[in-house]
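> Chain residues, written in single-letter form:
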Amino acid sequence: MGELRAYAALAAAQARSVFSYRTSFLFELLSNVGATVFDVLTVLVLFRATDEIGGFVLPEALLMTGIMSAGFSLADLLVGNVDQLKTYVRAGTLDAVLVRPLAALPQLLLMDLPLRKLLRVVFGCGVLTVAVGMNEIHWTPARVALLALAPLACAVFMGAIFVISATLAFWWVDSGQLGSAFTYGGRDFASYPITVYGPIFRALFAYVVGLAFIAYQPALALLGHPDPLGLPAWAGFASPLVALAAAGAATVVWRAGIRHYRSTGS
Amino acid sequence: MVFGYMRCYVLLAVAASAPGGQPAGYRPDQLVTYVWFGQGLLSVVMLWGWAELAERIRTGDVAADLLRPVAPVTAYLATDLGRAGHGLLTRFIPPVVVGALCFPMRLPERWQTVPLFLVSVLLAVIVSFGCRYLVNATAYWLQDARGPIMLWVLGAGVLGGLYFPLRLLPHWLAVTLWVGTPLPSILQTPLDVAAERDGPAMQAGLIVLQAGWATALLALAALVQRRAERRLVVQGG
Numbered sequence: 001m002g003e004l005r006a007y008a009a010l011a012a013a014q015a016r017s018v019f020s021y022r023t024s025f026l027f028e029l030l031s032n033v034g035a036t037v038f039d040v041l042t043v044l045v046l047f048r049a050t051d052e053i054g055g056f057v058l059p060e061a062l063l064m065t066g067i068m069s070a071g072f073s074l075a076d077l078l079v080g081n082v083d084q085l086k087t088y089v090r091a092g093t094l095d096a097v098l099v100r101p102l103a104a105l106p107q108l109l110l111m112d113l114p115l116r117k118l119l120r121v122v123f124g125c126g127v128l129t130v131a132v133g134m135n136e137i138h139w140t141p142a143r144v145a146l147l148a149l150a151p152l153a154c155a156v157f158m159g160a161i162f163v164i165s166a167t168l169a170f171w172w173v174d175s176g177q178l179g180s181a182f183t184y185g186g187r188d189f190a191s192y193p194i195t196v197y198g199p200i201f202r203a204l205f206a207y208v209v210g211l212a213f214i215a216y217q218p219a220l221a222l223l224g225h226p227d228p229l230g231l232p233a234w235a236g237f238a239s240p241l242v243a244l245a246a247a248g249a250a251t252v253v254w255r256a257g258i259r260h261y262r263s264t265g266s
Numbered sequence: 001m002v003f004g005y006m007r008c009y010v011l012l013a014v015a016a017s018a019p020g021g022q023p024a025g026y027r028p029d030q031l032v033t034y035v036w037f038g039q040g041l042l043s044v045v046m047l048w049g050w051a052e053l054a055e056r057i058r059t060g061d062v063a064a065d066l067l068r069p070v071a072p073v074t075a076y077l078a079t080d081l082g083r084a085g086h087g088l089l090t091r092f093i094p095p096v097v098v099g100a101l102c103f104p105m106r107l108p109e110r111w112q113t114v115p116l117f118l119v120s121v122l123l124a125v126i127v128s129f130g131c132r133y134l135v136n137a138t139a140y141w142l143q144d145a146r147g148p149i150m151l152w153v154l155g156a157g158v159l160g161g162l163y164f165p166l167r168l169l170p171h172w173l174a175v176t177l178w179v180g181t182p183l184p185s186i187l188q189t190p191l192d193v194a195a196e197r198d199g200p201a202m203q204a205g206l207i208v209l210q211a212g213w214a215t216a217l218l219a220l221a222a223l224v225q226r227r228a229e230r231r232l233v234v235q236g237g
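Quick mapping for you: the protein sequence lines, in order, are chains A and B. Take the first sequence: its position 202, counted from the start at 1, is 202 in this note's numbering, and no numbers get skipped. Take the second sequence: its position 39, counted from the start at 1, is 39 in this note's numbering, and no numbers get skipped.
Looking at chain B on its own, in the form it has when it is part of the complex (with noise of 0.2 Å):
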């Protein structure tokens, strides 16, 4: 909460004295909207490190979940998915409530937004548990996926657009982030989707981008598996 005051008020300061009051193109209160619900997405799509994978790899319990009956790529993300319901009901709306309390904030106008964030919410949920499956997976090669993890946290919290807009960047920079990376799927869209910085043709196609990103990652996250599995040699006993 309070790094939401934070970055609120550090945002509304550059609107303030930004030529023509639209950082980037957004209204302070877009901005507003931008800030809260990204506040409160962060737990939902799970921005900060998650070693739960890379752990059992390490450990070796990863072998009773190849025991299972259900691919190992399925029965995380189902587990991830719940995970991500109850943050939205739990942790998604106390930072809203508050940014809209303190701050001019933008509520969605059209009536296809709402829809179109709760799509957008749940792509960006496989997108980072796509993400985040891949970087543990590297524990089946590395033994110890800690560098890998770190370097996600860090690129994922400043390319996602957890500490600005990625819009703030040069036009062609923001393009290939979103064209060449998975990364502003995960925060960065369902927040413009929110704040409807775009007309409503953008903000679909930013959802398809993302359904792209989701797609091709989860199919990845299984070939890696099935690679994983043939060389995997579960230490002791």
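Next up, chain A with everything else stripped away, as it sits in the complex (with noise of 0.2 Å):
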């Protein structure tokens, strides 16, 4: 109890900070939600040129994006700050943070709160919503159930992915363009139908680092479009299974990164 009130007075503490400055606030709230608006906006604009994208057409595609935009932002809202581990690295201040008698990673969750983040999520959850809407699915327990569970399942696994790209810095301080290539880089991978890519560079990021089961398998179940690539349509579902695994790596790299730490100086 007493440390679920310490976690709590730490989240207030950072609410107060944000509020203070209101004007500021909206500010970084409205341009934040832009990001993720134009990356609709790409998607709107590319079908303009043309009917369908490797097999899809756009409200299909549309939930692709839409399943990777409402759970990155959700991952991206509560986890994302993780990638200042390497700013606290280099500076010394994670020994500030683990001198407490906390847990040290959801204390650096808290020690930036990105409030104005919200909007995002928001605005992710708006799309799925209207691409559900565009296509016709015809509904079944199992694929209610799954459209809960997708988002959900995505920002678990984009969580664990911005985790273990953070902990990197304890190995290697000057770790974030490889970090980026993995967080950002995969959530634009994923927003678009996997059969767009070449077969190495697919094989890699969609069943290697599992991207694959975040939106685009679980889409096709919810479409129930077989998939060209051929897997079988119960992969879809898999997808929970995977964020589980993926949660599972991170916090063993996690583990293992803070018992690599060896604080600055000499």
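Hint data in this document are derived by calculation from the structure and do not stem from the laboratory. Where a beta carbon is used, it is the ideal one built from N, C-alpha and C, also for glycine. Honestly, I wouldn't trust all of these hints.
Unchecked claim - Covered by chain A, per the in silico footprint, the following chain B stretches (three or more residues, Cβ under 8 Å): (1) 6-13; (2) 150-156; (3) 163-169.
From the two separate chains plus the hints, produce the assembled complex.
Take a look at the structure:
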């Protein structure tokens, strides 16, 4: 209980600090949603030039973008700031976190709760809602459950990717570029039907990293659209399992990283 | 690099199913040029956030710049051109080589394209610098330029032509952006020149437009700087 109260106090302090500059907060709220809006806009612009991309029409592609947008924005809101870890490692701020009698990761996340990203989640869910409305989906109980679970599984998966790529900073302080290739790169990758990518690139990101199970496969399962690449229809329902596996991997990597941390200085 | 692969595959998929196979008038090999030259130019024109000046204004260090015998706009421009030149040598070539190895890339065929491209890149750096300087200079009035910088990063990426070629937009909108804002002059113009999307006359015309924006922005930056100096109060000792 005491621990929970401590976390609540940290979160409340963050919220107070954010709300004390209201205009600035509003401004940040609005410009933050912009990035997500442009991602969706890009998909719409590309479909102006053609009726189908990689064998999928706009409503189908938008369903993938929607799942990704809702899930990614949620992950970014909750754990996206873990990418600040490289700054904390370089400056030695992490020491202050480690001496407190609370778990390190939640503390780090609460050090800067980015409420300005809130509107993105709303927008992402909006896109998903519109996309679901545009498609004719034959609803079954399993598909209803999948629609509810897919964005959450996406959030868990992307959250795991955020943590893993931030953890690189324990071994290699200047890891920003490599990390964002997997976080933002992963988001862009999974926003499109994976049939558009070349075989090697696709195999690497979709099935070695697992990004195919984030938006592409669940969208196929919702639509009842057979996978042109040959995976069975139930593959989409595996997305929560893939997300849990990623979360497990992130836990292992994070623990190894914390143990490896030797602070800065002599 | 990862982003280069993704944009390239997505645009090629668009071209594969577009009627005529030429979305917005680009052949597939021109799209490859567009994407990979764009990845290379990204760090040359510095499309991302630059907050050095804003930070110096906020801390008051800018006072030291004003004491120097060179006008701040000129001094910062010189630094930026040096940075861009270094970027052109070190950061531009690797993505272009990777792109050329992995995809069928169109390399310039007309003799005048290479010199035109280099001029266009120089102008693009100046236009980008002018925009970034103006965005940073808002700190003279606002103290904190984070908001405007965020807006710039957002607008420059999408309206500069990084996410998709602006020619994919409705024609009137693309023309309005080109003439009405400096943003397409930062990435879209040099990329269209390199991909030889248009005939030689249009290539040159786009560069003239770019030169107009570069001149206007430098003049505006100098004007804003003079205005700011008159009202600047450096805080602290």
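> Hint by hint, say whether it matches the structure.
Quick rundown of the hints versus the structure:
1. 6-13: holds (count 6)
2. 150-156: holds (count 3)
3. 163-169: With 4 residues close enough to chain A, the hint holds.
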